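Engineer: Chains as they are written, first to last, in the working numbering: chain P, 149 to 288; chain C, 149 to 288.
Some hints could be false.
No copy labels: a pair is met if it fits in one copy or bridges any two.
When the alpha-carbon atoms are kept at most 20 angstroms apart in a straight line, the in silico SDA-like pairs for lysine to any residue are as follows [claimed, not checked]: (1) Lys193 / Leu275; (2) Lys226 / Asn237; (3) Lys226 / Pro259; (4) Lys226 / Gln280; (5) Lys226 / Val191; (6) Lys229 / Arg281; (7) Lys229 / His241; (8) Lys229 / Glu198; (9) Lys229 / His245; (10) Lys229 / Thr197.
FYI, nobody ran anything at the bench for these hints, they're computed from the structure.
These numbers were taken from a predicted model, which means no experiment stands behind them.
2 protein chains.
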Amino acid sequence: MTGDACVACAGGWPRADHRIADLGPAVAYLNEDQFFPGWAILVLKRHATELYHLDPAERSRLIDAVSTLARGLAEAFKAVKMNYELLGNQVPHIHWHIVPRLSDDPAPRLPAWMVEHAPQSLAAVELEARLQRIRDHLAS
Amino acid sequence: MTGDACVACAGGWPRADHRIADLGPAVAYLNEDQFFPGWAILVLKRHATELYHLDPAERSRLIDAVSTLARGLAEAFKAVKMNYELLGNQVPHIHWHIVPRLSDDPAPRLPAWMVEHAPQSLAAVELEARLQRIRDHLAS
Chain P
149 MTGDACVACA
159 GGWPRADHRI
169 ADLGPAVAYL
179 NEDQFFPGWA
189 ILVLKRHATE
199 LYHLDPAERS
209 RLIDAVSTLA
219 RGLAEAFKAV
229 KMNYELLGNQ
239 VPHIHWHIVP
249 RLSDDPAPRL
259 PAWMVEHAPQ
269 SLAAVELEAR
279 LQRIRDHLAS
Chain C
149 MTGDACVACA
159 GGWPRADHRI
169 ADLGPAVAYL
179 NEDQFFPGWA
189 ILVLKRHATE
199 LYHLDPAERS
209 RLIDAVSTLA
219 RGLAEAFKAV
229 KMNYELLGNQ
239 VPHIHWHIVP
249 RLSDDPAPRL
259 PAWMVEHAPQ
269 SLAAVELEAR
279 LQRIRDHLAS
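Generate the whole structure from the sequences, applying the supplied hints.
Structural biologist: Structure, rendered in structure tokens:
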């Protein structure tokens, strides 16, 4: 897949109304499914598919952005542990799933993917409040 | 959990006979379950639990080691896509699951965790051959 055929490059995903913040080499979005509160997605601004396709300086800036977002999410949601995942099985464009695992997690020893659940979308007012809560912690 | 109580710090996990190579800030091991051929684990040498607990220079060296291992695995197993996961839900000591996803993957669109399967351990001769195959690609 080239950038031309990429849904992330075309702006079709993630949803623009879930945008959290610009973090330098990448942009942070809230995941639509908020069953795990604070699950966020960090999307590289340019098209690339593997970490080893980046030069060391870009890779370093990207992992710093991952770290910044994870810290903000951990603080905003009082996470017990953070999960960081770069998969790309469906959308190969480099993006990270950053998942706070909280004290009331239904399956704290398992990857989030293994926890069956009904997806939980947020209403507009809740969505905006959650986005702002994360932005406040990124800025502090 | 402190380093004192940590199974990774105590040398109890991963198995020493699955060690692939020293990659600077971290050591690479082959995952015992080889249902996904080449699934490897990269363990930080010192005890830390979140990316934002590392200083930027250490974080940069770590993600370079992740990238080096991923490239070696991708070449050794002709991966279609690599998956990179730092979870720590069971062992919070920073370690990465680096999973080659191959052309004959049984569920190429899903995280590896969602693919039910019987664990596949390697016999000693196969294990040593696989470790050496990866080492050869890391060195090239």
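Engineer: Give a verdict on every hint.
Structural biologist: Cross-check of the supplied hints:
no.: 1; hint: Lys193 / Leu275; verdict: neither (23 angstroms within a copy, 40 angstroms between copies)
no.: 2; hint: Lys226 / Asn237; verdict: between (29 angstroms within a copy, 15 angstroms between copies)
no.: 3; hint: Lys226 / Pro259; verdict: within (18 angstroms within a copy, 26 angstroms between copies)
no.: 4; hint: Lys226 / Gln280; verdict: within (16 angstroms within a copy, 43 angstroms between copies)
no.: 5; hint: Lys226 / Val191; verdict: neither (23 angstroms within a copy, 25 angstroms between copies)
no.: 6; hint: Lys229 / Arg281; verdict: within (19 angstroms within a copy, 34 angstroms between copies)
no.: 7; hint: Lys229 / His241; verdict: between (26 angstroms within a copy, 11 angstroms between copies)
no.: 8; hint: Lys229 / Glu198; verdict: between (25 angstroms within a copy, 8 angstroms between copies)
no.: 9; hint: Lys229 / His245; verdict: both (14 angstroms within a copy, 16 angstroms between copies)
no.: 10; hint: Lys229 / Thr197; verdict: between (26 angstroms within a copy, 8 angstroms between copies)
Going down the numbered hints, you'll see the structure goes against 1, 5, while the others check out.
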